[in-house]
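**Q** The chain contents come next:
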Amino acid sequence: MHKYALSRRGWLLLLIPPLIVLGLLYLLPVFNLIRISFVEYDPQVGIIPNYQLGNYVELLGDGFYFEVLWRTIRLSLLTTLFCALLGYPIAVYLIRSTGWRQTAMFIILLMPLVTSVTVMSYGWLILLGRNGVINLTLAGLGILDTSRQLMYNETAIVVGLVHVLVVFMVISIAASLQSIDQSWIRAARGLGASPATAFRTITFPLSLPGLRTGALLVFVLSMSAYATPTLLGGTRHKFLSYLVYQQAISLYNWPSGAAMAVVLLISTTVLLFISSLYAQIGAMRANLRTSKTGTISGSMNAGSET
Amino acid sequence: MRFLRRNVHSILFVAAMATTALPASAYAAGEVVFGCWGGASQARFQEKMLPPFEKANNVKVRYVPGVSTYFTSQMQAQRNAPELDVVCQDDGPQSVARELGLLAPIDETTVPNLKNVVPAALGVDNIGVGYGMLAMGIVYSPEALEKAGVEPPKSWNDLADPRFKGRIVMSSIDATPGLFALLMLAKANGGDVNNITPGFEKMKEVSENVIEFTKGADFSQYFQQGEAWVTVWTNSEMARFVNSTGFKLNFVYPTEGAPIVMPMLNLVKNGPNPEMGQKLIDYLMSDEMQTFFARESRIGPSNKNVVLPADVAEGLTYGDEAISKLDKPDWSVINANRAAWTERWNREIER
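As given, the protein sequences belong to chains A and B, one line each in that order. Numbered according to the numbering used here, the first sequence spans residues 1 to 306. Numbered according to the numbering used here, the second sequence spans residues 1 to 351.
Quick caveat, the hints were computed from the structure, so don't treat them as lab data. What you are looking at is a predicted structure, and each value in this text was computed from that prediction instead of being measured. Treat the hints loosely; a few may be bogus.
Here are a few chain B residues that face chain A, going by a calculated C-beta distance under 7 Å [claimed, not checked]:
#, residue
1, D174
2, E212
3, Q221
4, Q225
5, A339
6, A340
7, R344
8, E348
9, E350
C-beta atoms are modelled at their ideal positions from N, C-alpha and C, and glycine is treated no differently.
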């Protein structure tokens with residue numbers, strides 16, 4: 001008992017430094033951000049410490065602003081979807097490969113995270129530009145007769161974001177694939193399930209938590225992405241982060257920028273909340289189904305498909 | 001803001017404690033804090049321009065790299081206890097800092113070289129001094145135009161000509177080239193700084209030709225990749241790019257006029273070492289340093305005593321006549337309208 005109490009206190013002690021760091025580096029700035037989003041700004045005077053709702057009223061009554069917010073959400077969802085479709089097979093390959101293959105795969109996946117934004121934008125221009133590799137190849141093959149601008153559109157934003165963020169999806173899926181007990185799959189196979197059925201009924205459902213974590217990470221990161229959308233989509237296809245930057249840095253209007261950032265934070269949180277609610281409902285319904293029909297139908301299904 | 005300010009005090013307190021604990025500075029006159037451009041400019045200042053000043057005055061120059069708008073936010077955050085003595089800012093952002101009361105005036109008693117400065121470079125209310133003269137105009141790649149069999153641009157309105165379709169790169173309104181293009185298009189079509197609508201109307205046509213409105217004002221990669229033929233840029237930035245890459249570009253003074261861009265040296269109000277700050281400004285305005293700026297940074301000198309050989313003067317804004325021909329934009333009107341223009345630009349031009 002005594003020992004238990006001590007270790008509990010030990011844990012609490014261990015928790016204090018990260019709590020302080022989080023509190024100082026995360027909560028305080030967020031609190032300050034929310035506070036600033038309510039004060040007034042005048043270009044001639046600067047910030048006026050007068051709390052009001054003006055910044056939000058201005059934003060929420062503005063169609064242009066909603067257009068940008070909607071683009072941010074829409075392209076972030078698309079990015080998440082493509083990361084999942086692309087990341088899942090890569091994750092499967094990653095945990096099945098060993099030695100240098102696995103290392104090489106990791107290096108390829110991590111490369112975009114360690115490359116400077118300037119170098120990357122130049123790289124994309126070389127690939128997608130009017131005189132870029134893709135255009136020259138297509139022209140050389142006679143598919144295109146005139147070069148076409150492949151950058152500065154929404155597709156380019158999604159391509160760029162998937163390139164940078166797919167690694168988060170791969171690592172979370174790989175982690176949950178790795179923790180699946182292989183004997184279950186062997187048991188299923190022994191009972192006559194095909195590899196496809198074993199995957200569909202055992203591996204895939206058990207890897208869902210990893211897929212969900214990956215999706216959350218990718219979604220949150222693309223909602224707040226700034227450099228990639230600006231470089232690849234250009235200023236004509238703005239993300240909300242661009243407007244925040246413009247207000248805060250170019251126009252010195254911190255309150256307006258802060259209000260936009262808060263709206264971005266809230267919409268991201270709400271979408272995360274909806275997705276976790278959906279996942280919980282799904283899990284509850286699955287539980288109900290298994291308790292009603294038992295496991296026999298599952299194995300019969302498996303049998304019928306072999 | 002208040003939170004930041006409070007923190008600045010505690011940071012200063014810690015810094016003060018730290019300095020008292022250290023042995024006395026090797027420099028009798030202490031240090032002077034100089035906020036100016038980063039990158040290649042910083043290297044030029046620290047390696048070549050500042051060491052003789054440090055030696056002559058027995059002072060250490062602490063260099064803080066940044067851009068104009070960054071220094072404005074810094075000075076605003078440190079309003080009660082400024083850490084900077086002198087800051088470099090382009091005339092546009094400088095006027096914002098000046099109107100916010102962050103800068104102090106200078107005069108000939110403490111900055112004697114001011115008497116050699118061309119009138120156009122003297123700051124409003126004696127605040128700040130322009131250390132160089134740049135012209136904003138149209139830049140094109142002669143090779144690309146020749147290959148396409150297209151005439152070079154001559155005027156601001158030429159930017160809207162279909163012969164440049166998909167071949168112009170231009171900065172967004174956040175950076176000076178985009179802002180000035182808008183102003184000059186207004187002027188070229190019967191408007192001006194107080195009547196910007198003609199500018200927006202023409203800019204809508206120009207935007208049909210624009211590949212991309214960039215966030216910053218670095219167009220090197222667009223030219224090197226053969227993506228762009230034409231842009232709006234200053235003669236100095238173009239000359240530096242040509243110097244470092246050997247890529248051929250030409251500068252055009254458009255028929256409707258070219259606005260002036262002036263990087264300025266400014267004394268920070270209530271800075272820690274105003275005496276040395278003024279000496280530093282005076283030193284950078286001297287004949288020697290102004291010649292050095294022209295030679296190495298490709299910036300037209302604002303000190304009228306400077307005599308440049310023809311090969312150095314080539315392509316620079318140099319001499320009374322060249323300077324008097326340039327448009328001087330009214331920054332107080334621009335600053336008052338900038339937020340509204342940005343909103344309008346977001347909706348009408350970049351959409």
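**Q** Does each hint hold? Answer for all of them.
**A** Hint by hint, here is what the structure shows:
1. For D174 (chain B), the interface hint holds, the least distance from its beta-carbon to any beta-carbon of chain A being 4 Å, beneath 7 Å.
2. Of the supplied interface hints, the one on E212 (chain B) holds, with its beta-carbon coming within about 5 Å of a beta-carbon of chain A, less than 7 Å.
3. Taken as an interface hint, Q221 (chain B) checks out: its beta carbon lies about 6 Å from the nearest beta carbon of chain A, inside 7 Å.
4. Here the hint on Q225 (chain B) is kept, as its CB sits about 5 Å from the closest CB of chain A, short of 7 Å.
5. The restraint placing A339 (chain B) at the interface with chain A holds, with a minimum CB-CB distance near 5 Å, inside the 7 Å limit.
6. Among the interface hints, the one on A340 (chain B) is violated; its C-beta lies about 10 Å from the nearest C-beta in chain A, farther than the 7 Å criterion.
7. At its closest, the beta carbon of R344 (chain B) sits 10 Å from a beta carbon of chain A; the interface hint therefore is violated under the 7 Å criterion.
8. Of the supplied interface hints, the one on E348 (chain B) is violated, with its beta-carbon coming no nearer than about 10 Å to a beta-carbon of chain A, more than 7 Å.
9. The interface hint given for E350 (chain B) is met, as the beta carbon of that residue sits about 5 Å from the closest beta carbon of chain A, less than 7 Å.
Taken one by one, the earlier hints fail for this structure at numbers 6, 7, 8, listed in ascending order.
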